[in-house]
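**Q** Sequence:
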Amino acid sequence: MNVIDYIIGLSGLLASGLFIYGLKGMSSPVTAVRGIVIAGWGMAFVVAVAFLQAFNVSDEVLPHLPVNLGLAVLALLLGGLWAGWKGKTVEMTAMPQMVALFNGMGGGSAAAISAVAMLRHTEVDALHLGVTMAGGLIGCISFTGSLIAWAKLDGRMRNPIRFSGQQIFNLVVFVGTVGLGLMAVMTQMQGSPDAGLFSLLFFAGALFFGLCMTVPIGGADMPVVISLYNAFTGLAVGLEGYVMADPALMIAGMVVGSAGTLLTVLMAKAMNRSIANVLFSNFGASSGAAAAGPQGQMKSVDPADAATTMRYDSSVIIIPGYGLAVAQAQQKLYELVKMLQAAGVDVKFAIHPVAGRMPGHMNVLLAEAGVPYDMIYDMDDINDSFKTTDVALVIGANDVVNPSARTDKSSPIYGMPILNADQAKQVFVIKRGQGTGYSGVQNPLFFLPNTAMVFGDAQAVLSKMVEALKALGTN
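Taken in order, the sequence shown gives residues 25 to 499; the numbers are from this note's numbering.
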């Protein structure tokens, strides 16, 4: 056994350690960047060892080596350059769809590995073929499902596609796809020439089911969808790692799959949904509920008046939502916050688990603006503080502060945990208009006696607030 064999043998263990250590770093905003870099080095090491392993092959593989190496290098260059460019140029408002797209590429890669394994007719062991089929099924669902999620988040598919009997249709597609996969396994074990045809039909069915599963889901459920497909991608990668006897793929897939599953559980809990509801029902159906009629008269206030009120109060809790990201106003918001702090106001940020269009969206948005981590609080840690807070400033959020989730059993968001903004002494809501949120449900918070609307684009409104505070000076 030479040195190269030892390096290849230990590569999986070393890379897996880097993956796990990097993931641990991502658990805190303070160490997240370092964790991502460490995990990235682990992936770079695995790729380097894969090229090293290419020269440690049998004689029958050697004639194909130049072509395969050329394709691998080309794929790395194209994928690396495109991903690097998109990562540096993507707007924060487009971050959720980029995450969905990149996640889909991971699922597609796992499905491609499965397709190669099943179509080359080399595996005849039932266990390996079954695991290969399962990984291909999950990878295909993650791939096409993530593409639909990207289209919805990017505004290319604005409305869910629903029809009568859709769940039964989806079940038939799923059962049929699994049946084709079993036929592919059995015919391949028998050495039948029909194995290739069944394999192709299986992958086509799996890709189609990913579309069927995702198109009826409403936009309000996208945070759950993204975390769910992230778990699917990890599971698919882990299964294909088993097929290829690659410990790095197995451990990386298990880590990603388990993390994605835990995140899905948290997202589902934050939206008052069970995992069974997420996996086996049309859990986005409520998202298209029609908005209720007007519940009173909204009171509006000038941005300068709202800023003056906050300047002379003692405590403010800010609740950011997707409207802040759309307006790209996070820098202007932090400028306002620093001016309030200079005036002696205690300012905190309250983050709902599903605020924005992906898990952690608001945290990333605020971090980009330089907001210190110790100012940012999760819902469970800050909800009791609203009762003693002078002002709650809601920016572009709707459903996550909707009090009907507590009281209205007919509401599609009933039971969903919310931020208790309505319990503050005064509520200011920065909103572009009088429309509803992503769920389509009217928000009674906007009509409460202690609520005043500040209509307008968040960037423009916050700029006027900053100017008003500058005019007040330090008095």
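One or more of the hints may lead you astray.
Once the Cα atoms are required to be at most 27 Å apart in a straight line, the calculated BS3-like pairs of lysine-lysine come out as [as the list claims (entries may be wrong)]: (1) Lys362 with Lys293; (2) Lys323 with Lys293; (3) Lys110 with Lys293; (4) Lys293 with Lys433; (5) Lys362 with Lys433; (6) Lys411 with Lys293; (7) Lys110 with Lys48; (8) Lys293 with Lys488; (9) Lys494 with Lys293.
Don't read these hints as lab results, they were simulated from the structure.
**Q** Taking the hints in turn, state whether each one holds.
**A** To see whether the hints hold, each was checked on the structure:
Under the criterion of a C-alpha separation no larger than 27 Å, the hint pairing Lys362 with Lys293 is inconsistent with the structure, at around 34 Å. For the hint pairing Lys323 with Lys293, the CA-to-CA distance comes to about 33 Å; that exceeds 27 Å, so the pair is violated. For the suggested pair Lys110 and Lys293, the alpha carbons sit about 32 Å apart, so the restraint of at most 27 Å is broken. Between Lys293 and Lys433 the CA atoms are separated by roughly 18 Å; this keeps the pair inside 27 Å, and the hint holds.
Proposed proximity of Lys362 and Lys433 is contradicted: the alpha carbons are some 41 Å apart, above 27 Å. About 24 Å separates the Cα atoms of Lys411 and Lys293, which keeps this hinted pair within 27 Å; it holds. With a CA separation close to 26 Å, the supplied pair Lys110 and Lys48 stays within the 27 Å bound. Proposed proximity of Lys293 and Lys488 is contradicted: the alpha carbons are some 38 Å apart, above 27 Å.
The suggested pairing of Lys494 with Lys293 is violated, with an alpha-carbon distance near 42 Å, which exceeds 27 Å.
Of the numbered hints stated above, those contradicted by the structure are hints 1, 2, 3, 5, 8, 9, listed in ascending order.
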